[in-house]
Amino acid sequence: MTTITNNKEEALIVREQDVVPLRNRVKEYGVKVGMSILNQTKLITATSELVRNLLKYGGGGKVIIESVSNGRDNGVRVTFIDNGPGIADITLAMKDGYSTGKSLGLGLPGTKRLVNEFDIKSELGNGTTVTITKWKNG
Amino acid sequence: MQNNLLEGLKEHENKLLTIWSQILQESGAGDGAMEEEESKEFASLFLSALSKSENAQEFEKVHDLIVGIASSRGKRGFSPRENAEYLISFKQAASQILSELIKDPAQLYEANLKLNEILDNMTIMTFEAFMKGREDIISRQIDEISEISTPVIAVWDGIVALPIIGTLDSSRTQIVMENLLQQIVDTGSSIAILDISGVPAVDSLVAQHLIKTVSATRLMGAECIISGIRPEIAQTVVHLGIDLTGIITKASLASALQTAFDMLQLNVVKRKVIVG
Ligand SMILES: Nc1ncnc2c1ncn2[C@@H]1O[C@H](COP(=O)(O)OP(=O)(O)OP(=O)(O)O)[C@@H](O)[C@H]1O
Ligand SMILES: [Mg+2]
Chain Y
1 MTTITNNKEE ALIVREQDVV PLRNRVKEYG VKVGMSILNQ TKLITATSEL VRNLLKYGGG
61 GKVIIESVSN GRDNGVRVTF IDNGPGIADI TLAMKDGYST GKSLGLGLPG TKRLVNEFDI
121 KSELGNGTTV TITKWKNG
Chain E
1 MQNNLLEGLK EHENKLLTIW SQILQESGAG DGAMEEEESK EFASLFLSAL SKSENAQEFE
61 KVHDLIVGIA SSRGKRGFSP RENAEYLISF KQAASQILSE LIKDPAQLYE ANLKLNEILD
121 NMTIMTFEAF MKGREDIISR QIDEISEIST PVIAVWDGIV ALPIIGTLDS SRTQIVMENL
181 LQQIVDTGSS IAILDISGVP AVDSLVAQHL IKTVSATRLM GAECIISGIR PEIAQTVVHL
241 GIDLTGIITK ASLASALQTA FDMLQLNVVK RKVIVG
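Going down the list, the sequences are from chains Y and E. If you read the first sequence in the UniProt record's numbering, its first letter stands for residue 1, the second for the next number, and so on. If you read the second sequence in the UniProt record's numbering, its first letter stands for residue 1, the second for the next number, and so on.
These aren't lab readings, by the way, just hints derived from the structure by calculation. Hints are not guaranteed to be accurate.
Distance condition first, Cα-Cα at most 25 Å in a straight line; then the derived SDA-like pairs of lysine to any residue [what the hints assert, rightly or not]:
#, chain 1, residue 1, chain 2, residue 2
1, Y, Lys56, E, Asp243
2, Y, Lys27, E, Val199
3, Y, Lys27, E, Glu232
4, Y, Lys112, E, Ser139
5, Y, Lys56, E, Lys250
6, Y, Lys112, E, Gly241
7, Y, Lys112, E, Met177
8, Y, Lys136, E, Val199
9, Y, Lys112, E, Ala234
10, Y, Lys27, E, Met177
11, E, Lys250, Y, Lys32
12, Y, Lys32, E, Arg230
13, Y, Lys62, E, Arg230
14, Y, Lys102, E, Asp243
15, E, Lys212, Y, Lys136
16, Y, Lys102, E, Thr167
17, Y, Lys95, E, Gln235
18, Y, Lys56, E, Val199
19, Y, Lys62, E, Ser139
20, Y, Lys121, Y, Gly105
Keep in mind that this is a model prediction, so the values were computed, not measured.
Turn these sequences into a full structure, and let the hints steer you where they fit.
Below is the structure:
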């Protein structure tokens, strides 16, 4: 199944003040594809988690927002790219409650539950890329 | 390329000032005595920096001065465009004098090129200074907004409520928590209601802040109720896996108030209407 991108933009994230504007942009994409309030809220909450990880652990990075369609449904895809230290053990990082930052450790596993597609790639010393997709009817 | 092509300007400081102020007056970008002072200072510093050729430190002083002048003019109501015109007209005046001083076209060209390079750079600096001024204002306003947007309301004897509107980031949570705890002490309240109807999303960070605020309230011997949990927020929180079971949560401020009344063993009853 092929996914086509209809619209795309990039944002640089370097400080905490960048979080809210990014979330608002993502929300606008959700509104444009006609997402319900519930799915919009799930999408922006997931965005919030991942962008905070990108800032806190990745030292900042780049976020790509896309509006996508796969023929049956429209949705929003968000990609978070950082060049930080990377994650040593992804399986462990995906566990509920695992945190190296004295936090709740819910960001990654929780985000996976909030979206329809979740992909994480990480290489030690080379950074982390997380891609999420939320479909309008997903 | 050397500055000494431009050094000839130094002999003509007064003429330069006269032409400059003429151009300024014609363009309407002038504003009298204050400006005359500034222009004098600028021209003299600029020209003396030229003769101490290639001395970056000297130009640093000129840069500081022009940034200062630009911000002072900004406060007097000049637009960034008018500030740029201020320097451009200086350039015009200097260029006019240069064409009288230097007869060789190639040298004149060189001199003008150098003049452009120096003054264009300064023009850009005035824009940057303007932007920075704006940014300072914005960041001050952000601070002010976060302070005024966390009012603590004494809704009843012993009950305080705090409506939170907007995003709860770490710095804001700190303010919210301090305000709330202070008000609990000041009013001797035993119940605090934290209303999050105006919070767009509850992620793990916000949740953690809420949990901390509740624990701090309890440490002060008061109970904390979180109200205004919209349906989509409730579902998102559950999917994220945040455990709020130890916390009293209510959908609306009204039901939180009802719970608070119950805890204080207060009854709100409808008055009997005696039909007579
Ligand atoms: N972009 C990243 N770069 C490097 N390490 C990361 C990155 N994102 C997550 N991690 C690692 O994975 C762990 C789990 O992340 P997760 O978001 O699930 O929890 P958390 O951020 O620690 O806590 P919470 O998100 O609940 O506040 C983090 O503690 C961190 O060690
Ligand atoms: Mg996290």
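Going down the list of hints, with the structure as the test:
1. Y:Lys56 to E:Asp243: Measuring from Cα to Cα gives roughly 23 Å; hence the hint holds.
2. Y:Lys27 to E:Val199: holds, 14 Å
3. Y:Lys27 to E:Glu232: holds, 14 Å
4. Y:Lys112 to E:Ser139: violated, 35 Å
5. Y:Lys56 to E:Lys250: violated, 32 Å
6. Y:Lys112 to E:Gly241: holds, 11 Å
7. Y:Lys112 to E:Met177: Violated, at roughly 31 Å.
8. Y:Lys136 to E:Val199: Measuring from Cα to Cα gives roughly 23 Å; hence the hint holds.
9. Y:Lys112 to E:Ala234: holds, 17 Å
10. Y:Lys27 to E:Met177: violated, 28 Å
11. E:Lys250 to Y:Lys32: violated, 32 Å
12. Y:Lys32 to E:Arg230: Distance ~22 Å between Lys32 of chain Y and Arg230 of chain E Cα, so the pair holds.
13. Y:Lys62 to E:Arg230: violated, 31 Å
14. Y:Lys102 to E:Asp243: Holds, at about 16 Å.
15. E:Lys212 to Y:Lys136: violated, 34 Å
16. Y:Lys102 to E:Thr167: holds, 22 Å
17. Y:Lys95 to E:Gln235: holds, 20 Å
18. Y:Lys56 to E:Val199: holds, 22 Å
19. Y:Lys62 to E:Ser139: holds, 23 Å
20. Y:Lys121 to Y:Gly105: holds, 18 Å
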